[in-house]
Amino acid sequence: MLSNDFTFSKRLLGVLLLLVGVIGFIGIFAVDVIDVGREGGIGPAQRIALGVCAALALLGLTLIPLGKAKA
Amino acid sequence: MTFRVLNRLITGAAMVLLTAHLLVYVAYAINLMQFPFDYDQGEGFELVDTIMFSQGQFPYRNTDEYPFYSSNYPPLFHVIAAPFVWIFGNAYWYGRLLGFLGTLVTATAIGLAVYREGKRRDIAILAGLAFLASNTVYHIGPLFRQHMTMVLFETLAVVILAQVNEIEDTRRRRRTLAIGLGMIIAAGYTKQLAIMTAVGVFAFLFIRQPRRAVIWGGIFAFVGGAIFLWMNWATDGEWWRQAIRANVGSINFDQTMGLFRLWFGLHGFLIVPAALLVIYELYFARLSIYALWFLASLLQGALSGTWGGGDSYWATSIAALCILSGIFAARTVNRAWTFPDNYLSRFFVFPLRRIAPVLGTAGLIAIPLLYVGYARAALKMPTEGAVFTTIADVFDIQPNALNGFYDSAGRIAGGYADIGHFTSQADIDAGWRIVEMVRANERPTLSEEAAFNLLAGRDVITNPTQLLNLSLNGVYNSTELVRMIDAQEFGLVILRAQFYPIDVLQAIQRNYIQTETIAMNGFDYLILSPRGG
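One line per chain: the protein sequences are R and H, in this order.
In terms of this note's numbering, the numbers along the first sequence are unbroken and rise by one, the last being 71.
In terms of this note's numbering, the numbers along the second sequence are unbroken and rise by one, the last being 533.
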């Protein structure tokens, strides 16, 4: 990745976005699981963040089939 | 009549409408430069910052002690304006002139970026004019505020770096990178929000060539961090407290959503083509710096719901969307779209090939119509005054804002700056009346705006919004200021928006009584005197 010729492909960008989306989604839910004493459930900021993570994951999935095309 | 001729006619109409927007903007800027007081609350404190820099002092001070003043903004805009203090003394016009000229340079850079990509002079001009026609750019451009200078540096950085990866000559590429990234550091030291542009730019560099992004990211962090540490050392840690800790705040989602809807309502005609170009680059071409900058700038807009935030937080995205929509427009008119063979083009694009000529012709008409629609959506103008009264009468434009002003943005979203109207001689007379009151009083004046004290030759005491910022973050000790108010050491108190921390307002309420209200610039200035004479 740190060579002079390396550049991101659509597939790699897709995988990266998918990972960020999935990990972010789980992480946001984990906030409630870990911080069990907190009241109010999933707040508006969390809902927006969950939506963004889901969108990123979906975006990543649609990029993966584009293969080696340069991102 | 051929479609080419129709295209030219509608393009001409769009050019006329956007030029009319520009003329209103120029008239507004000239009007504000002649107004010697705060027009937008906070301008006076930016002037105080500039004066302090002109004297070789930092404005990041201990707000717990007299005169309880500090700034929460980075220094660059005020440093740039400081030489004007040496020559012209304390005045607002040069800061407003700098802000205004900065927006003209930004518009030119947007036009150049669009021309470089599409080689269409007409669309490049429309893209630049579209930026200046934005309601947000209009009302904050000619203010003594640093925000639009940040947008200027951001735009220059992005335009400079857009084709940096294609430069084969190593020395020239490095020089371009150094200048472009230097512009981002300049933007960041003009206003902290530029960090989002840094995110977009480094995402672009990383996707194109990770190695280069890592190396230059390290240099960027070292230079930016060194300046930061030096300033913190030079101000005994007040830079950290006043410019960083004080600016941490929670987000009001209703305000963010309101401003988002407003942003879309006003700029939708250009947002849609800009978004389509981002999608095109994502699936059918390479992601450009403009696309990643636009996406990052939306995060900046998301912060518009913070206390002190407002529609100006969308200004960077407006610059980005003007470039993207301009490139989209030029490519459509030039019929220069190409689609590689992939699963999306096979499904969505190739079936449309048979009607490509029809779509191309439709594009010739639709593109200039987008700019005509945008010009209508962004309409704002005074409804009073020699020329404006006639225009308002002919088109039946009724004022819907302060001081006889129509603004298509309405005044529906919290955080939308309630400005844009022209000032009058009556406003100037009212301001001088307040100055005379300050001069006539032997004791110091606690004023919510700096202009009255500055023009009366008195100490500027407090920066109320900054005290509130600090108070909300639990890093302000109001003991000494409240003691002075309780002892009635101030001969006058002048309030407008009452942005002081609660305990300071309570102390004022206990010890001062309103004796007069002076209307200026559409706002009521409350003049308070000590209770019991």
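Be aware that a few hints might be false.
Partial list, derived from the structure: chain H residues whose beta carbon lies under 8 Å from chain R [stated by the list, open to error]:
1. L98
2. Q209
3. P210
4. V214
5. R245
6. F253
7. R286
8. L287
9. N342
10. Y343
11. R346
12. F347
13. G385
Among the chain H residues that face chain R by a calculated CB cut under 10 Å, a handful are [stated by the list, open to error]:
14. Y66
15. I207
16. R211
17. A285
Read the hints as simulated data drawn from the structure, not as lab findings.
Just so you know, even glycine gets a beta-carbon here, dropped at the ideal spot from N, CA and C.
Violated constraints from the hint list, given by number and in increasing order: Hint check: 1, 5, 11, 12, 13 and 14 fail, others pass.
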